[in-house]
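Number of protein chains: 2
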Amino acid sequence: MDNLTLGRHISGQFNAELESIRNQVMVMGGLVEEQLNSAIEVLTSQDLDMANKIIGTDKSVNSMEVAVDEACTRIIAKRQPAASDLRLVMAIIKTITDLERIGDVAARIARTVIENRNKKSPPLVSVENMGRHTVKMLHDVLDAFARMDVDAAFKVYQEDAKVDREYESIIRELMTYMMEDPRSIPQVLNVLWCVRSLERVGDRCQNISEYIIYFVKGKDIRHINHDEVRDLLAK
Amino acid sequence: MDNLTLGRHISGQFNAELESIRNQVMVMGGLVEEQLNSAIEVLTSQDLDMANKIIGTDKSVNSMEVAVDEACTRIIAKRQPAASDLRLVMAIIKTITDLERIGDVAARIARTVIENRNKKSPPLVSVENMGRHTVKMLHDVLDAFARMDVDAAFKVYQEDAKVDREYESIIRELMTYMMEDPRSIPQVLNVLWCVRSLERVGDRCQNISEYIIYFVKGKDIRHINHDEVRDLLAK
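Residue numbers (UniProt numbering), protein chains in the order written: chain A, 1 to 235; chain B, 1 to 235.
Bear in mind the hints are in silico, worked out from the structure with no lab data behind them. Hints should not be assumed to be uniformly reliable.
One copy or two, either will do: identical chains are not told apart, so a pair holds if it fits within one copy or between any two.
As the list claims (entries may be wrong) - Simulated pairs of lysine-lysine, BS3-like, Cα-Cα distance not exceeding 30 Å:
| hint | residue 1 | residue 2 |
| --- | --- | --- |
| 1 | K155 | K219 |
| 2 | K155 | K235 |
| 3 | K219 | K136 |
| 4 | K94 | K120 |
| 5 | K235 | K119 |
| 6 | K219 | K78 |
| 7 | K78 | K155 |
| 8 | K155 | K119 |
| 9 | K219 | K59 |
| 10 | K136 | K94 |
| 11 | K136 | K53 |
| 12 | K78 | K94 |
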């Protein structure tokens with residue numbers, strides 16, 4: 001990271017501004033990670049206080065998104081960044097959108113738990129495992145973002161396929177559960193929406209890993225396949 | 001639009017570049033609208049040729065997203081836009097992300113139809129109606145984008161609540177269908193995913209209407225409620 005953007009600007013103030021925005025993204029990311037982690041927890045603990053807290057935190061995450069977005073637009077207008085500075089700002093603008101949506105998923109899971117309290121739920125062990133897996137992906141991609149570490153980002157990028165396989169397996173499991181006990185369908189559907197959202201969290205972590213690779217390598221790797229990405233990173 | 005950005009740049013070349021990017025967005029939007037419209041059609045017609053065509057078109061949409069994104073980054077680096085020009089570029093960067101994802105939804109629906117050919121499907125009239133509704137929203141928001149018309153954008157913004165109500169009603173309908181015939185669960189789930197994706201198309205059209213309002217009014221209205229948005233627009 002340092003040799004890419006920092007320590008080479010004539011304006012120390014510009015450095016400080018870029019650094020401040022990156023810090024805000026890390027704070028926002030940390031909050032979203034905490035939210036998602038708590039959401040997976042309430043899914044099994046049914047802790048309604050914690051569920052309400054997650055929903056409350058979502059407002060802070062939303063405000064952070066707007067604040068970072070404004071800071072990015074301001075820095076573009078004022079500092080006219082080019083090359084890797086501009087790519088960094090672009091990567092940040094996209095990253096915060098995905099982070100905000102992951103926060104929405106956590107809030108949605110919390111709301112589902114509140115709406116379905118006291119109702120019989122299908123077994124949630126595999127959902128919890130998948131949830132933990134996405135929390136880990138989010139943690140790792142934020143870590144990769146902090147260090148602008150392409151290799152770490154590529155690991156997260158590949159991890160998404162595993163989450164997709166877990167997702168498929170859980171869907172089959174829940175489908176069997178519904179077919180065996182049709183009265184459980186409404187409850188199972190609520191769980192299904194949570195599982196679907198968690199699968200999307202994996203996609204969003206993969207998106208963030210793509211922005212990191214875009215920033216460092218200067219190449220947009222969305223919509224190209226894994227092998228091509230691997231070749232690019234080997235260069 | 002014209003009095004906001006066009007005809008007041010010293011550089012006629014800059015105007016031409018901005019105009020060219022806007023045109024690319026309109027072409028991309030038109031293609032996505034066509035894709036979504038065809039996807040709703042194949043849902044009932046089961047026309048596999050058309051389904052394959054939709055999946056093929058998704059690649060063009062993806063390339064367009066990358067091309068417009070690059071053009072936006074280039075114009076920022078080269079022209080250092082400020083004020084409403086910069087807001088326009090930012091609005092475009094966000095708009096194309098949502099358009100690309102709407103294209104993904106169309107491709108996903110087409111894939112679902114191919115995977116489930118010859119299988120008994122639940123009744124799809126209400127899904128088709130909801131689908132048509134989202135196509136209309138997309139059409140209207142692209143129209144609002146072309147003219148940068150805030151009032152038209154706000155109409156789309158409000159329309160999303162209706163799509164949400166249609167969605168809730170279809171979910172209840174499909175749930176009853178599954179409970180009455182548990183063997184239908186796998187097929188109904190496939191339809192449920194399509195319905196869920198269509199509901200997200202409504203959200204994405206609402207997002208685009210927010211970017212239009214941001215561009216014209218200079219105010220970020222994400223995460224504030226409908227009444228506040230109305231007050232802002234009345235000013």
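Tested hints:
1. K155 / K219: Answer is within; shortest intra-copy Cα gap is 17 Å, inter-copy 38 Å.
2. K155 / K235: Classified as within: same-chain Cα gap 17 Å, cross-chain 49 Å, threshold 30 Å.
3. K219 / K136: within (26 Å within a copy, 35 Å between copies)
4. K94 / K120: Neither: 39 Å inside a chain and 41 Å across chains, both beyond 30 Å.
5. K235 / K119: neither (54 Å within a copy, 47 Å between copies)
6. K219 / K78: both (25 Å within a copy, 18 Å between copies)
7. K78 / K155: neither (36 Å within a copy, 34 Å between copies)
8. K155 / K119: neither (39 Å within a copy, 39 Å between copies)
9. K219 / K59: Cα proximity of K219 and K59: across copies only (18 Å, versus 34 Å in one copy).
10. K136 / K94: both (20 Å within a copy, 27 Å between copies)
11. K136 / K53: within (21 Å within a copy, 38 Å between copies)
12. K78 / K94: For K78 and K94, both the intra-copy (20 Å) and inter-copy (21 Å) Cα distances are at most 30 Å.
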